[in-house]
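Enquirer: Each chain is listed here by its residues.
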Amino acid sequence: MSGPHLSCRGLSKRYGATQALAEVDLDVERGSIHALVGENGAGKSTLGKIIAGVVQPDSGSMELSGRPVHFGSPRQALEAGVTIIAQELSLVPERSVLENVFLGIESSRGPWVLRQALRRRFTELTDSVGIYVDPTAIVGRLGVSDQQKVEILRALARKAELIVMDEPTARLSKSETHALAATMTALAGRGTTFVFVSHFLDEVRGLADTITIMRDSRVVRTAPSADETHDSLIVAMTGRPLDMTFPFKIPPAPDAPVVLDVSGLTSAGRFADVSFSVRKGEIVALAGLVGAGRSDVAHAIYGASSVDSGTMRINDAEYRPSSPRSGLRAGVALIPESRKDQGLILDRPVSDNVTLPYLRDVERFGLISVRAEDEVAEDRSARAGVKTSSVEANVRTLSGGNQQKVLFARTLMRQPVLLVADEPTRGVDVGAKRAIYDLIVDLAAQGMAVLVVSSELEEVLGLAHRVVVMHEGRVVASLDGFVATEESIMQAAFGLSGNGESSA
Amino acid sequence: MNKVGAYARNYGIVWAALLLFLLLAITTPAFLTVDNLRNIMDQQAVTLIVAVFATIVLISGGFDVSLSAVYILAPLVALRMMESNQSGWILMLVGTAVGVLCGLLNGFVVAKGRINAFIATLATSLIIFGLAYLVSGGSILRITNVDMRAIATTKILGITSATWIAVVCVVVAMILLERTRFGRYVFAVGGNRESARLAGVPVDRVVIWAFTLAGLSAGLAGSLNAARTLTAQASDDFGLVFTVIAAVVVGGTSIAGGSGAIWRTVVGVFFIALLGNGFNLNGIDPIVQRIVQGLVILAAVGADAWSRSQRE
Ligand SMILES: Nc1ncnc2c1ncn2[C@@H]1O[C@H](COP(=O)(O)OP(=O)(O)OP(=O)(O)O)[C@@H](O)[C@H]1O
Ligand SMILES: [Mg+2]
Chain A
1 MSGPHLSCRG LSKRYGATQA LAEVDLDVER GSIHALVGEN GAGKSTLGKI
51 IAGVVQPDSG SMELSGRPVH FGSPRQALEA GVTIIAQELS LVPERSVLEN
101 VFLGIESSRG PWVLRQALRR RFTELTDSVG IYVDPTAIVG RLGVSDQQKV
151 EILRALARKA ELIVMDEPTA RLSKSETHAL AATMTALAGR GTTFVFVSHF
201 LDEVRGLADT ITIMRDSRVV RTAPSADETH DSLIVAMTGR PLDMTFPFKI
251 PPAPDAPVVL DVSGLTSAGR FADVSFSVRK GEIVALAGLV GAGRSDVAHA
301 IYGASSVDSG TMRINDAEYR PSSPRSGLRA GVALIPESRK DQGLILDRPV
351 SDNVTLPYLR DVERFGLISV RAEDEVAEDR SARAGVKTSS VEANVRTLSG
401 GNQQKVLFAR TLMRQPVLLV ADEPTRGVDV GAKRAIYDLI VDLAAQGMAV
451 LVVSSELEEV LGLAHRVVVM HEGRVVASLD GFVATEESIM QAAFGLSGNG
501 ESSA
Chain B
1001 MNKVGAYARN YGIVWAALLL FLLLAITTPA FLTVDNLRNI MDQQAVTLIV
1051 AVFATIVLIS GGFDVSLSAV YILAPLVALR MMESNQSGWI LMLVGTAVGV
1101 LCGLLNGFVV AKGRINAFIA TLATSLIIFG LAYLVSGGSI LRITNVDMRA
1151 IATTKILGIT SATWIAVVCV VVAMILLERT RFGRYVFAVG GNRESARLAG
1201 VPVDRVVIWA FTLAGLSAGL AGSLNAARTL TAQASDDFGL VFTVIAAVVV
1251 GGTSIAGGSG AIWRTVVGVF FIALLGNGFN LNGIDPIVQR IVQGLVILAA
1301 VGADAWSRSQ RE
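These protein sequences, in sequence, are chains A and B. Take the first sequence: its position 370, counted from the start at 1, is 370 in this note's numbering, and no numbers get skipped. Take the second sequence: its position 132, counted from the start at 1, is 1132 in this note's numbering, and no numbers get skipped.
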């Protein structure tokens, strides 16, 4: 069979006043890995959802292997061999891998599920595709990359031939990303087609055969990945020449006072004897592998989880937060790791989400002044670069990256003394990343102490004045951010060195 | 298609209520009279008072089955306390206080005990119904001081005081929900508990307050009803809660929490009231009435579930 596996012509989609997709043409070859890149809100997810029948286009047509198709629902798409793996995985966490993979398509006789037959089918499936996961493992206990494998197996068990993956690697560590890439490459070799969205341009170039660049709801161009460079992608995505990815590092004053001092912080089973400090104007990165306990430490500092022993001081005063409220009161702000599960109230307007922790600031005579609230929300959203039709729009209608920026807008409500940002640029496009970096550097320059938890080494190196590396719940190194290298951080993160400049 | 769906979901109930109103106005001569309309308002006062605060509980992600029990217990306690020297104000005051205490109990059990709100309030219902029997000794308590009816029936500008109290409750609930920190917290807790907690929302306190207000409203409504009917009696009838939840849901507040509005509940209460009134005026069998009410609720909940599945 020649001709493309999937061919779209003139796809358009409008949400109220927003044109999410305009006249998009796309050809995807069978057995290829086809990447979609573009800034936040460019329409990548919308295109992916249309391909997989999750949303329906206003106009335009699609052909699958040369036959016209209309998907009224994800189910119809799946029947035609097309499915999507969304960023929020849709597995049942309490059940086993086996059950998840065959959920709804179990081998059965009457009401009885035939476990033996299921096991056999599982082995056949994994052998034929070359992905291995323990079928008896409980999905909720697996790492994210293994969970993604389960999602892929599940798609393949349903005979999916074209799989759309929306930011599959946003939550993965480097090695997990490699594992997923290997899986995708192997499957593509056997004829499975992938359409995937990612903001990691280097990863995209390494993995994809073809790259489609989108901007402002349109396709800019589609080209073989070998023809693109990091810079050519950025220029096409943003429509302007690129500037440096990271802003210039401004070191804190040599005599800058310590804002946060953590000493011997321990929480049984999560982290132990964690000590470090952050000075006024300093950006400290908490690096390490996923699962090293960095987010737990971040939560403890904010007061979102309790500690068993150890002390914290803020501006030399004892600090024992018992709840996020007390953290906020002491001037600590947190941008949590998962904007959807921990950060935002998706079905409320942007303005409500921005002001939520600081409603007192927009009260007049004890009542919320909607005018004052909208004004301040508009101002903070603009400063954080949130693109939205209005601050009255529900956060759910914003693209992923813009949702993330809403959380930044929130921290701009007041000037916290300490900002703790857990994976601050997850799911954010290159241009917006730079905007967030600028914001962080700016806040630090104004005297805020900043603690950034990040799994992206580039980001750690590009931002941090100091890098505190954790391994299995312990601080194993504290490196000077001006001389640290990827190697020195990784060595410590894997628990190999132990001879970083001894921790402070 | 999607847009039509969203619109129907957002404002469908308003059109449905208007349509029903017009239909009744045209087909049923006894409907569009000042007396009938005034009666509907007066009869719905009690439901409305409870429904608007139950709306707040639902938006916060909770559920309160015990409102019926509180509604029944409150006037009994007040009447027992007064014995001879009966006064309308004391009835209202004590009844409301009983409601507050019951609400606090519910709130604490749900928030601190981390028990599913439906189950928790089902359990407290049984306790409160039991107390009602104990307090009343199982007999009907009568109000001998007939003047006490005035609390509920005094006409001000042609409208009964019970209706006025309901209007005040509606306005207070609206302000609370839309214009105060508490209201924002209610939406946040119902929308995403963990996000709310991490944004510094005192989640437990919000839950306790929501239940307390609902309890208060049930106590107030129960006392008002006793003053109007001059009797109070223990029973384990869940009727009020059904009407209240039906009105809230038909209005379009989601039982999943996180979204809804007071005006919706007001429309929901009157929609169901108009339906009942229309049936009564046309002499239709009350059994048929119930069946139709059930269908309407199913349609409303179905629309909610459907629109949820439509959104990504
Ligand atoms: N359900 C919706 N209702 C209203 N507007 C929407 C909805 N979904 C998406 N949009 C809008 O459509 C546009 C394209 O969104 P889309 O999610 O496709 O962007 P994206 O390229 O995936 O961005 P990101 O990189 O941030 O994930 C955005 O302006 C977004 O606000
Ligand atoms: Mg997206």
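Just so you know, the hints here were simulated from the structure itself, not pulled from any lab data. For clarity, every value in this text was computed on a predicted model and none was experimentally measured. Glycine included, every Cβ here is placed at the ideal spot set by N, Cα and C. Among the hints, erroneous ones may be present.
What the hints assert, rightly or not - The following residues of chain B were derived to be distant from chain A, with all beta-carbon distances above 10 Å:
1. Val1014
2. Trp1089
3. Leu1104
4. Val1109
5. Ile1165
6. Ala1188
7. Leu1198
8. Leu1230
9. Leu1298
As the list claims (entries may be wrong) - Beta-carbon label-pair distances, calculated as ranges:
10. A:Gly239 <-> B:Glu1194: 51 to 57 Å
11. B:Ala1305 <-> A:Ala317: 22 to 28 Å
12. A:Arg141 <-> B:Ser1139: 58 to 64 Å
13. B:Glu1194 <-> A:Asp231: 37 to 43 Å
14. B:Asn1010 <-> A:Phe246: 41 to 47 Å
15. A:Phe365 <-> B:Leu1157: 41 to 47 Å
16. B:Val1168 <-> A:Asp341: 36 to 42 Å
Enquirer: Does each hint hold? Answer for all of them.
Expert: These are the hints, each one checked on the structure:
no.: 1; hint: Val1014; in the structure: holds (20 Å)
no.: 2; hint: Trp1089; in the structure: holds (28 Å)
no.: 3; hint: Leu1104; in the structure: holds (21 Å)
no.: 4; hint: Val1109; in the structure: holds (21 Å)
no.: 5; hint: Ile1165; in the structure: holds (22 Å)
no.: 6; hint: Ala1188; in the structure: violated (5 Å)
no.: 7; hint: Leu1198; in the structure: violated (5 Å)
no.: 8; hint: Leu1230; in the structure: holds (39 Å)
no.: 9; hint: Leu1298; in the structure: holds (23 Å)
no.: 10; hint: A:Gly239 <-> B:Glu1194: 51 to 57 Å; in the structure: violated (38 Å)
no.: 11; hint: B:Ala1305 <-> A:Ala317: 22 to 28 Å; in the structure: violated (51 Å)
no.: 12; hint: A:Arg141 <-> B:Ser1139: 58 to 64 Å; in the structure: holds (60 Å)
no.: 13; hint: B:Glu1194 <-> A:Asp231: 37 to 43 Å; in the structure: holds (40 Å)
no.: 14; hint: B:Asn1010 <-> A:Phe246: 41 to 47 Å; in the structure: holds (45 Å)
no.: 15; hint: A:Phe365 <-> B:Leu1157: 41 to 47 Å; in the structure: violated (28 Å)
no.: 16; hint: B:Val1168 <-> A:Asp341: 36 to 42 Å; in the structure: holds (39 Å)
Violation of the numbered hints given earlier is confined to hints 6, 7, 10, 11 and 15; the remaining hints are satisfied by the structure.
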